[in-house]
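Colleague: Sequence:
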Amino acid sequence: MRKDEIINKILSSKLNLTREKLEKLIEEKKQMYKGLLSDEGAARLIAQEFLIELNDKPEAVELKIKDLVAGLNNVTLIARVIIDWPIQDFTKNNGEKSVVKKLLLADETGVIQCLIWGEKALTLQKAGELQGKIIKILHGYTKEGLKENVELHLGVKSSIIISPFGVYEKNFPEVTKFINKINEAKKLTKINAIGVVNSQPKISSFKSEAGIGKVLRVKISDSTGEAILVAWNEQAEKIKDIKIGDTIQIMNGKVIAGINGSIEIHAEKQTVLNLINKAAIKDWEKTLKIIELKPGVKNCNIKVKLIKKSELKMINVAEKKVLVIEALVGDETGLATITFWGENAKLIAETKENTVLTIINASAKLSGKFTALTAGKFAIINLNFNAVLADPPKTKINEIKNEGNKLLSVEGVIANISPVKEVVVKGEIMHVSSLTLRDETGEAELTFWGNIADEILNLKVGEKIKVLGVFLKKRNERIELSSIRLTKILHEKNR
Numbered sequence: 004m005r006k007d008e009i010i011n012k013i014l015s016s017k018l019n020l021t022r023e024k025l026e027k028l029i030e031e032k033k034q035m036y037k038g039l040l041s042d043e044g045a046a047r048l049i050a051q052e053f054l055i056e057l058n059d060k061p062e063a064v065e066l067k068i069k070d071l072v073a074g075l076n077n078v079t080l081i082a083r084v085i086i087d088w089p090i091q092d093f094t095k096n097n098g099e100k101s102v103v104k105k106l107l108l109a110d111e112t113g114v115i116q117c118l119i120w121g122e123k124a125l126t127l128q129k130a131g132e133l134q135g136k137i138i139k140i141l142h143g144y145t146k147e148g149l150k151e152n153v154e155l156h157l158g159v160k161s162s163i164i165i166s167p168f169g170v171y172e173k174n175f176p177e178v179t180k181f182i183n184k185i186n187e188a189k190k191l192t193k194i195n196a197i198g199v200v201n202s203q204p205k206i207s208s209f210k211s212e213a214g215i216g217k218v219l220r221v222k223i224s225d226s227t228g229e230a231i232l233v234a235w236n237e238q239a240e241k242i243k244d245i246k247i248g249d250t251i252q253i254m255n256g257k258v259i260a261g262i263n264g265s266i267e268i269h270a271e272k273q274t275v276l277n278l279i280n281k282a283a284i285k286d287w288e289k290t291l292k293i294i295e296l297k298p299g300v301k302n303c304n305i306k307v308k309l310i311k312k313s314e315l316k317m318i319n320v321a322e323k324k325v326l327v328i329e330a331l332v333g334d335e336t337g338l339a340t341i342t343f344w345g346e347n348a349k350l351i352a353e354t355k356e357n358t359v360l361t362i363i364n365a366s367a368k369l370s371g372k373f374t375a376l377t378a379g380k381f382a383i384i385n386l387n388f389n390a391v392l393a394d395p396p397k398t399k400i401n402e403i404k405n406e407g408n409k410l411l412s413v414e415g416v417i418a419n420i421s422p423v424k425e426v427v428v429k430g431e432i433m434h435v436s437s438l439t440l441r442d443e444t445g446e447a448e449l450t451f452w453g454n455i456a457d458e459i460l461n462l463k464v465g466e467k468i469k470v471l472g473v474f475l476k477k478r479n480e481r482i483e484l485s486s487i488r489l490t491k492i493l494h495e496k497n498r
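Numbering (our numbering), first residue to last: 4 to 498.
What the hints contain is simulated information worked out from the structure, not anything from laboratory work. Here a beta-carbon is modelled for each residue, glycine too, at the ideal position from N, C-alpha and C. A hint or two may mislead.
To be verified - Straight-line C-alpha distance at most 30 angstroms; calculated DSS-like pairs for lysine-lysine:
1) Lys-217 to Lys-100
2) Lys-243 to Lys-210
3) Lys-246 to Lys-210
4) Lys-95 to Lys-33
5) Lys-311 to Lys-424
6) Lys-292 to Lys-129
7) Lys-32 to Lys-69
Said to hold, decoys possible - Using C-beta positions, here's what the derived DEER-type ranges look like:
8) Val-391 to Lys-190: 22 to 30 angstroms
9) Gly-121 to Glu-151: 23 to 31 angstroms
10) Phe-388 to Glu-122: 27 to 35 angstroms
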């Protein structure tokens with residue numbers, strides 16, 4: 004932080020201090036240290052004396068693509084994914100194996116190539132098809148590429164949010180804006196095109212220095228003309244089952260003049276081919292249900308409803324301050340708690356309850372009696388605002404004893420309410436209250452702790468409620484259930 008920035012910081016905190024007076028204090032401080040202190044150093048000491056914290060970390064800058072130049076750090080960018088390349092393996096100079104994933108991004112000002120490295124690339128690959136989605140990049144950095152073009156890079160400290168909250172999608176160009184018509188191909192060296200297959204594919208093999216290769220040729224057309232798609236090696240293998248009538252999208256194809264003025268579009272290693280409306284479900288795209296979670300499961304994908312969340316907190320982990328938030332989530336098979344860290348925690352803090360989340364790369368562990376989820380820095384959260392997910396199953400009171408160690412959802416009419424009391428737990432005063440809940444199969448006593456206990460004050464005998472996130476405390480003749488920090492009580496009128 005330069006002297007002028009420090010002065011502005013001090014003056015904004017000390018409104019009764021003039022610039023002239025502050026400059027005089029800086030000179031006095033320099034004289035006190037007999038010339039051993041610079042202007043900046045003297046200003047820093049004065050800021051310390053005034054208890055003003057100077058943040059030397061560069062602020063994250065949200066930029067448009069046209070503003071990106073090589074050498075920027077801590078860049079924030081929101082853009083639409085136009086091309087989503089498959090992940091690629093490579094070997095570093097030191098012989099270590101790693102991976103990289105490439106995206107072509109666009110906003111209303113331009114396009115840029117984005118490279119994601121290492122674990123971040125592996126995690127992003129699990130998020131499924133990204134083409135057409137809006138993403139927000141945090142803590143990126145820019146470099147000059149091989150062709151002197153600017154590239155955006157994501158490293159260990161970078162993050163990506165898919166479908167970020169509060170972004171107006173219509174502000175970003177659609178993928179269709181970057182699709183060329185086939186009759187434009189003769190003027191281009193690279194092309195993005197969509198065509199309908201109108202011939203049977205012809206596959207042949209050939210010998211090369213690398214071994215036996217494969218090439219596939221097939222005619223495609225759109226409303227403006229016809230071209231021959233020539234797919235090489237792994238690209239040929241990918242579309243070997245293509246048939247007449249299929250619609251194929253070609254991104255980053257290479258245009259080559261064919262025989263007798265024909266147009267050839269070659270699909271090489273850096274081309275992306277996709278059959279439109281053809282579901283290609285891979286193992287890594289499958290999601291688990293809460294009932295399938297087991298402690299020790301890593302890199303799992305799960306789709307859940309956000310039922311309740313805690314306050315966003317800043318905690319110290321290994322001498323670093325980290326954001327964290329906890330939540331109760333559910334699907335049609337059950338309930339679970341999950342802890343979100345870092346940028347994911349910030350995203351959840353801004354997300355409304357009852358939103359459906361797809362969580363990529365979560366981990367499951369044993370937390371007390373229950374299996375709990377963690378979404379760390381390598382996890383990706385996808386917000387599904389229009390999705391509908393069934394509520395967690397309701398457990399009848401007479402079935403609770405058979406449920407084991409898991410979080411439950413119960414529903415019934417309040418038969419009795421005990422007043423809120425204060426108790427001492429581990430040296431701290433805590434509120435506790437209880438009520439008797441009755442359904443058509445029996446009665447259970449529910450004990451509520453902490454802030455949840457205070458909610459009992461708003462309940463009345465005879466009222467019907469639903470309680471999500473309680474567990475069986477005792478298996479004696481009388482069923483006793485207890486709350487957790489994230490237990491949620493729903494009144495019948497609010498459901």
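Colleague: Each hint needs a verdict: does it hold in this structure or not?
Modeller: Hints, verified against the model:
| no. | hint | verdict |
| --- | --- | --- |
| 1 | Lys-217 to Lys-100 | holds, 27 angstroms |
| 2 | Lys-243 to Lys-210 | holds, 19 angstroms |
| 3 | Lys-246 to Lys-210 | holds, 26 angstroms |
| 4 | Lys-95 to Lys-33 | violated, 50 angstroms |
| 5 | Lys-311 to Lys-424 | holds, 25 angstroms |
| 6 | Lys-292 to Lys-129 | holds, 17 angstroms |
| 7 | Lys-32 to Lys-69 | violated, 44 angstroms |
| 8 | Val-391 to Lys-190: 22 to 30 angstroms | violated, 47 angstroms |
| 9 | Gly-121 to Glu-151: 23 to 31 angstroms | holds, 25 angstroms |
| 10 | Phe-388 to Glu-122: 27 to 35 angstroms | holds, 28 angstroms |
In terms of the numbered hints stated before, the structure departs from hints 4, 7, 8, listed from lowest to highest.
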